[in-house]
Amino acid sequence: MRLDVKKTYKLFIAGKFPRSESGRSYQVKDSKANHVANVALASRKDVRDAVQAARAAQPGWAGASAYNRGQVLYRIAEMLEGRREQFITEISSLTGKTQKQADAEVSAAIDSWVWHAGWTDKIDSVAGSMNPVAGPYFNISTNQPTGVVGAFAPQGSALVGFVNTIAPAIVSGNTVVVVTSENLSLPALTLGEVLATSDLPGGVVNILSGKESELASWLVGHMDVNAVDLEGTSNPTELEISAANTVKRVIRPGTYLREGSKGNLQHILDLMEVKTVWHPKGH
Amino acid sequence: MFDYAPAPEAKLASFQKSYGHFIGGKFTKPANLYPTINPATEEVLAEISHGTAKDVDLAVKSARAAYEKVWSKLSGAERGKYLYRIARIMQERARELAVAETLNNGKPIKETRDFDVPTAVSWFFYYAGWADKLDHAGLGHNPQALGVAAQVVPWNFPLMMLAWKIAPALAAGNTIVLKPSETTPLSALLFAEICQQAELPEGVVNIVTGFGDTGAALVGHKDVNKVAFTGSTEVGKIIAKQVAGSNKKVTLELGGKAANIVFDDAPIDQAIEGVINGIFFNQGHVCCAGSRLLIQESIHDEFIKKLKRRMSTLSLGDPMDKNTDVGAINSADQLAKIKKLVKKGVSEGGELWQPECKIPRNGFWFAPAIVDNVSPANTVAREEIFGPVLSVITFRTPAEAVTKANNTEYGLSAGIWTEKGSKMLKLADQLNAGVIWSNTFNQFDPTSPFGGFKESGYGREGGRQGLLSYLKAGK
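In the order they appear, the protein sequences are chains A and B.
In terms of the numbering used here, the first sequence is residues 1 to 283.
In terms of the numbering used here, the second sequence is residues 1 to 475.
The set of hints was computed from the structure by calculation and includes no laboratory data.
Among the hints, a few may not be true.
[Stated by the list, open to error] Simulated DEER-style distance windows between Cβ atoms: (1) GLU297/B with SER213/A: 45 to 55 angstroms; (2) ASN407/B with TYR67/A: 50 to 60 angstroms; (3) ALA10/B with GLY135/A: 44 to 54 angstroms; (4) VAL126/A with ALA332/B: 41 to 51 angstroms; (5) GLY156/A with ASN407/B: 38 to 48 angstroms; (6) PHE138/A with LYS81/B: 31 to 41 angstroms; (7) LYS475/B with GLY135/A: 47 to 57 angstroms; (8) GLU419/B with THR197/A: 29 to 39 angstroms; (9) GLY156/A with LEU74/B: 34 to 44 angstroms; (10) GLU259/A with GLY129/B: 37 to 47 angstroms; (11) PHE138/A with LYS73/B: 34 to 44 angstroms; (12) ALA10/B with PHE138/A: 32 to 42 angstroms.
[What the hints assert, rightly or not] Using 27 angstroms as the maximum straight-line C-alpha spacing, the simulated DSS-like pairs for lysine-lysine come out as follows: (13) LYS472/B with LYS281/A; (14) LYS122/A with LYS472/B; (15) LYS133/B with LYS472/B; (16) LYS281/A with LYS262/A.
Since the structure is predicted, the reported quantities are computational estimates derived from the model, not experimental observations.
For each residue, glycine too, the CB sits at the ideal point set by N, CA and C.
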């Protein structure tokens, strides 16, 4: 008999897979309460490292052409498709979903990447404007990414909810620090391996597994985070108050569907800023 | 430098001795009174009611009833016609509104007459046309109003800010409780009369006057669905905390510390005018004022010399005089704040220069000022002064200009002065600001979205995007 080789589940920060700086881990169990893996338990220092990586990666990612970003997101869908079996196994193990249900969830996650991939070069055509001002000025409004997004994936979704949290953030050129579902963290961490092989620059998505109740105040209170998505948090009111200290953009829990929806343009736009440029017309 | 004979505008506005709140289409009995003054003379113009939580509650109830019974049942086309009516009446009473605004605010009559009032009118005309076209707003078919909107506006453009708030909210189908600033309530109270003349259904627009506690009661009221605030970042943060955990939709238009970047290849004479307009328009009481001049090092001396010469021609004095360029500071408090910050900037190494000018004996005044040789850490380079004070910072390369311009918690506006289009477009991409003026400054239009990045707030006013602040997707 041959003993199988198990995977060590680690964080994903700046394109690398470190353990938690704190040296801590926690046990993830399957739907029948059996041990599955010891997973890195992210700390405050990991949050800071991840925000730093996200900030460093942001100008480059936003500066990439929309065409390029679209191809990278499509590549994520391709890579995910290629590793479908692995995700089905993880999802059904953790959630107790049947193979068929888990397969449908992976399909939905893949389709979400494809849907978002198509948006990169259409956002401004749909949501931007040429403004007919009452004077001799060229006047145009475009949408720009807000910067670094701190996000909390829904606790009850293993993969598709996670994808529908990060894809709307990065599609426009934001970078993201995302805290996974605590109990269903494995598919999110495995998705880090997909992202790492999809030409996504390191630092664009940074994945932290652990307790949202422990990490949320550090991530939401971080001065260098521009927007927060509080979907997976347990104390959103307190966090919204903290976010107000630096006038962060806030997505309250329940604002956008994370499962059973192909995506929402308004979700993408909530993590963007309208920029209006004026220039005189004349000689 | 120049002397002008006095050219006073006629005082075509009169006020009642005292005002109550405008609730349910009627003025309440004046109560809990405080004086509102002319900041140029310190003369009392009228007594104003300081709204209580009870007044706010009555106003919100009135707005709710109007929303449920009348306004939400009207077609968009009919709502739009009310807005057109309001715009027309404002035009008919334009001079009166301009005079009232100048008396209560202290800003020059040429600004209220040629800018504040026409811009306010244009906002109503623009959003009137949206009321029956909401399917095109970008939220899909049949988007819905939010309900009752709580709106708190500042003293720097009292009527214009009212228009920026009320016009899109009504077009989208909301009803309103608005609180004007405690120092400048009069144009809002004249607007209440205009609502009566337009036969706007009672309760659709309610105006409660008062101080910060009145505003806090309004923003925190349980039956409000939307909060829109323009004012300081400090108060904006308090409001964002107050509404945390609620379902209220919030838009904030807060402070700024805009960089006005002048390159050596700029059209210099136009840039001088743009820099002057950027910081001395409305005594610098402008959230998007170009309060940091970023000047390319090679042209610093020549530019500052020209700037000082131009500043010497600004005429400071009676806001009712048609020749006045710089009017009164809006309040004693604001004047004290400006003086304190400038003193701090000088103690931190800034070099203060102000032209010779006669300061009137009464009222609140601050001569146009530049503070040169300002380091990026200087208080006058970081804090919003909200007065006629220009901080001067130099740079050598476009990259350095971008770094310095973005080195602030704010992100409302920025100016770029260069004749080179490609340089301008690249900078416009790189600057973290919601409005970029290139080879111009302080331009506003109802079709054009306005609002900030970072701690300058969120949400937009103006354009289709501004409508989204007052709508939600239909079911």
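So, going through the hints one by one against the coordinates:
{"no.": "1", "hint": "GLU297/B with SER213/A: 45 to 55 angstroms", "in the structure": "holds (52 angstroms)"}
{"no.": "2", "hint": "ASN407/B with TYR67/A: 50 to 60 angstroms", "in the structure": "violated (32 angstroms)"}
{"no.": "3", "hint": "ALA10/B with GLY135/A: 44 to 54 angstroms", "in the structure": "violated (29 angstroms)"}
{"no.": "4", "hint": "VAL126/A with ALA332/B: 41 to 51 angstroms", "in the structure": "holds (49 angstroms)"}
{"no.": "5", "hint": "GLY156/A with ASN407/B: 38 to 48 angstroms", "in the structure": "holds (42 angstroms)"}
{"no.": "6", "hint": "PHE138/A with LYS81/B: 31 to 41 angstroms", "in the structure": "holds (33 angstroms)"}
{"no.": "7", "hint": "LYS475/B with GLY135/A: 47 to 57 angstroms", "in the structure": "violated (40 angstroms)"}
{"no.": "8", "hint": "GLU419/B with THR197/A: 29 to 39 angstroms", "in the structure": "violated (47 angstroms)"}
{"no.": "9", "hint": "GLY156/A with LEU74/B: 34 to 44 angstroms", "in the structure": "holds (42 angstroms)"}
{"no.": "10", "hint": "GLU259/A with GLY129/B: 37 to 47 angstroms", "in the structure": "holds (39 angstroms)"}
{"no.": "11", "hint": "PHE138/A with LYS73/B: 34 to 44 angstroms", "in the structure": "holds (42 angstroms)"}
{"no.": "12", "hint": "ALA10/B with PHE138/A: 32 to 42 angstroms", "in the structure": "holds (39 angstroms)"}
{"no.": "13", "hint": "LYS472/B with LYS281/A", "in the structure": "violated (36 angstroms)"}
{"no.": "14", "hint": "LYS122/A with LYS472/B", "in the structure": "holds (22 angstroms)"}
{"no.": "15", "hint": "LYS133/B with LYS472/B", "in the structure": "holds (14 angstroms)"}
{"no.": "16", "hint": "LYS281/A with LYS262/A", "in the structure": "violated (42 angstroms)"}
Figure legend: structure checked against the earlier numbered hints; hints not met, in rising order: 2, 3, 7, 8, 13, 16.
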